[in-house]
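J.: One-letter residues, chain by chain:
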Amino acid sequence: MGRLVLRRLLATIPVLVLVTAGVFALIHLTPGDPIDVMMAESVDATVKANLRRELGLDQPIYVQYGAWMWRLLHGDLGRSIRNGEPVIENVSRRIRPSLQLAALAMAISLVLATPLGILSAARRNTSVDRFGTTFALFGICMPNFLLALLLIFFFGVKLRWLPISGYTDPLEDTLHGLRSLALPALTLGLALAAVVTRTLRSSMLDALSEDYVRTARAKGLSEWSVIHGHVLKNALIPVVTVLGLQLGTLIGGAVITEYVFALPGVGRLVVDAVFARDYPLVQGVVLLIAVGFILSNLAVDLLYGWIDPRIRYR
Amino acid sequence: MAGSIRGSGIADRAPAVSRPSAIQPARGRRWAVLRQAVRTRLGPLGVVVMLIAIVVALLAPVISPYNPLRQDLGNALARPDRAHLMGTDNVGRDVLSRMIWGTRVSLMAGFGSVALAMVTGGLLGLLAGYTGGRTDGLVMRLMDAVLSFPPLVLALALGAVLGAGLTGVVIALGVVYTPTFARLMRGQVLTITARDYVEAARALGAPGWRIAWHHVLPNAAAPIVIQASLSVAFAILAEASLSFLGLGIQPPGASWGSMINAGRGYLQQAPWIVFWPGAALFVTVVGLNFVGDAVRDALDPRLRR
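As you go down the protein sequences, you meet chains A and B in turn.
Residue numbering for the first sequence follows the numbering used here, starting at 695 and increasing by one per position.
Residue numbering for the second sequence follows the numbering used here, starting at 41 and increasing by one per position.
Careful: at least some of the hints might be erroneous.
To be verified - No farther apart than 20 Å at their CA atoms in a straight line, the calculated lysine to any residue pairs in the SDA-like style are these:
1. K852/A <-> L307/B
2. K852/A <-> P311/B
3. K852/A <-> R119/B
4. K852/A <-> Q309/B
5. K852/A <-> Y306/B
Unchecked claim - Derived contacts from chain B toward chain A, CB cut-off under 10 Å, selection only:
6. Y106
7. R181
8. D184
9. L187
10. A195
11. L196
12. G199
13. V201
14. W249
15. S281
16. I300
17. R304
18. V323
19. V326
Note that these hints are calculated values from the structure, not bench results.
Quantities reported herein were computed from a predicted structural model and do not represent experimental measurements.
From the three backbone atoms N, C-alpha and C, an ideal C-beta is built for every residue, glycine too.
Take these sequences, add in the hints, and give me the full structure.
T.: Next comes the structure, spelled out in structure tokens:
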């Protein structure tokens, strides 16, 4: 296991270097002068020149990259050109709602998908299975923003059960906090549940056709013992992988969901920074998200090796 | 991370996909593939949806009842009736006409970005798998780096610097999907170049480009086509998401995502502004998914479930 951890960590280093280079290059991909894009035409030339100097854009590109990396290695991700605050502070203020949203969505998806995926596979070609597969297809093809609007329409506008925007911290006021996160978490959770249901069903079907299942049945075990004792453990391995692979979709979905429900999270921060053409903030936040994404993928990889010993020796 | 390519099942899957080519002549195989695609239950339904979408997109100027940009403030938020079958939006524009023109944007973005990714990724994968060594390492690390960004966040960041509009979106989504094709192609090249017939061609003195063009590419095509057909639906969803956030086609131009965003403030008074483009988007994506699944089942029966 130690070797697996080391190998994965070492493989991450060149990717991290390339990711930082990519994020650095972002600002230079702008057609035309990035300063002109960031600031309105009417802005005074001296102000523009000051910003250019501050961002180091008047230097040769390799000097810029060196300086940028140097600051990065010292924990300085740059400053927003709109509010002048360091990127880290902008993000740390916004991280809590995003993490709460992701955790709730993950919980909702597992609560929904686990029984549905198991039942779909165990009762293949019955109405339960058809419901499960239709739900999965529906969830995979439904864009987050459309699902969000449907939920807003029914639960917010028609039934008036839940708030349709705004955020209360559940750690400060549990009831109101959970209510404010209910619709966003449901939006994200349903989409994730669809993918998990599909994967769980498919991997359950794989496991059900294995020889050890036939042996277990031949021993006279009840169907429930077969599924619980033999099939489920093996079927959960691909689910962990898919949950890992879905992290990216989850983050993307969170961007849209936070935007629709006006949640003050990191996703919303990205969208706001993009529209404010606050490139240093875009660079900083995107870099942080990418690093977070790489690290969580690494965690999933290692978790996978821990669950399935066959991986460790590959 | 490169090590995970083999473990991903993509390379493992390859032999089953390309093996029939050694036995059946290409034309016979193509018909068998088509027959198989038609036989799968939902495939034909998906093809019908896709064809309708393509026809609507092509004939948009002819079949659109109104100019999609013409505002009629006196007739804003009008319910669906004979004059406006799907009602009008907040500035009195015909929802049906805008939806028809939006089809064009969605399909162009979906097919355009996947085609771009297929060509770029395919070439990069071919280069990496064929040359091996440092080039392989560099190309694949680069692809890993692109994959290290959550897709929508990368598309947003690229869209932000490339500027809003269809071209920016197509390039941004093309970049996002490139690594998938590059990895797939590389895996294919590695398995195919290890085969006896490639060895034989090499022994006969065939130059590298000839082997790549005549032996590797045709045999690697099947999984690439499968991946492309599955990707188009998601590219269309991604374009709609970007347009919804305001990065796609700029107002007053019509795209499904931007129509839905514009209509969300009127959910109570005029739900049709959101409903129709939403339905169009959903049906198209479901249809393209059916097509993708049918193509995959026809080309690789082992994956059928």
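J.: Please go over all the hints and tell whether each is borne out by the structure.
T.: Do the hints match the structure? See the list:
1. For the proposed pair K852/A and L307/B, the alpha carbon gap of about 10 Å is at most 20 Å, so the pair holds.
2. At most 20 Å may separate the alpha-carbon atoms for a hinted pair to count; K852/A and P311/B meet this at roughly 12 Å.
3. A distance of roughly 19 Å separates the Cα atoms of K852/A and R119/B; the hinted pair therefore holds under the 20 Å criterion.
4. As the CA atoms of K852/A and Q309/B are separated by approximately 12 Å, the hinted pair is consistent with the 20 Å bound.
5. A hinted pair counts as satisfied when its Cα atoms are at most 20 Å apart, and K852/A with Y306/B qualifies at roughly 13 Å.
6. Violation of the interface hint for Y106/B is found here, the shortest Cβ-Cβ separation to chain A being roughly 25 Å, above the 10 Å cut-off.
7. Hint status for R181/B relative to chain A: holds, with the closest Cβ pair at about 5 Å, below 10 Å.
8. The closest approach between the C-beta of D184/B and any C-beta of chain A is roughly 5 Å, which is under the 10 Å cut-off, so the hint is satisfied.
9. Interface restraint check: L187/B against chain A, minimum CB-CB distance 8 Å, threshold 10 Å, status holds.
10. Interface restraint check for A195/B: the shortest CB-CB distance to chain A comes to about 8 Å, inside 10 Å, so the restraint holds.
11. Interface hint at L196/B: satisfied, since its Cβ lies 6 Å from the closest Cβ of chain A, which is below the 10 Å cut-off.
12. At a threshold of 10 Å, the smallest CB-CB gap from G199/B to chain A is about 7 Å, leaving the interface hint in force.
13. Given hint, V201/B at the interface with chain A, holds; its Cβ is 4 Å from that chain's nearest Cβ, closer than 10 Å.
14. For W249/B, the shortest C-beta to C-beta distance to chain A is roughly 29 Å, which exceeds 10 Å, and the interface hint is violated.
15. Here the hint on S281/B is kept, as its CB sits about 6 Å from the closest CB of chain A, short of 10 Å.
16. Interface hint at I300/B: satisfied, since its Cβ lies 6 Å from the closest Cβ of chain A, which is below the 10 Å cut-off.
17. Against a cut-off of 10 Å between C-beta atoms, the interface hint on R304/B holds, since the closest Cβ of chain A lies about 6 Å away.
18. Interface hint at V323/B: satisfied, since its Cβ lies 9 Å from the closest Cβ of chain A, which is below the 10 Å cut-off.
19. Because the closest C-beta pair between V326/B and chain A is about 5 Å apart, less than 10 Å, the hint holds.
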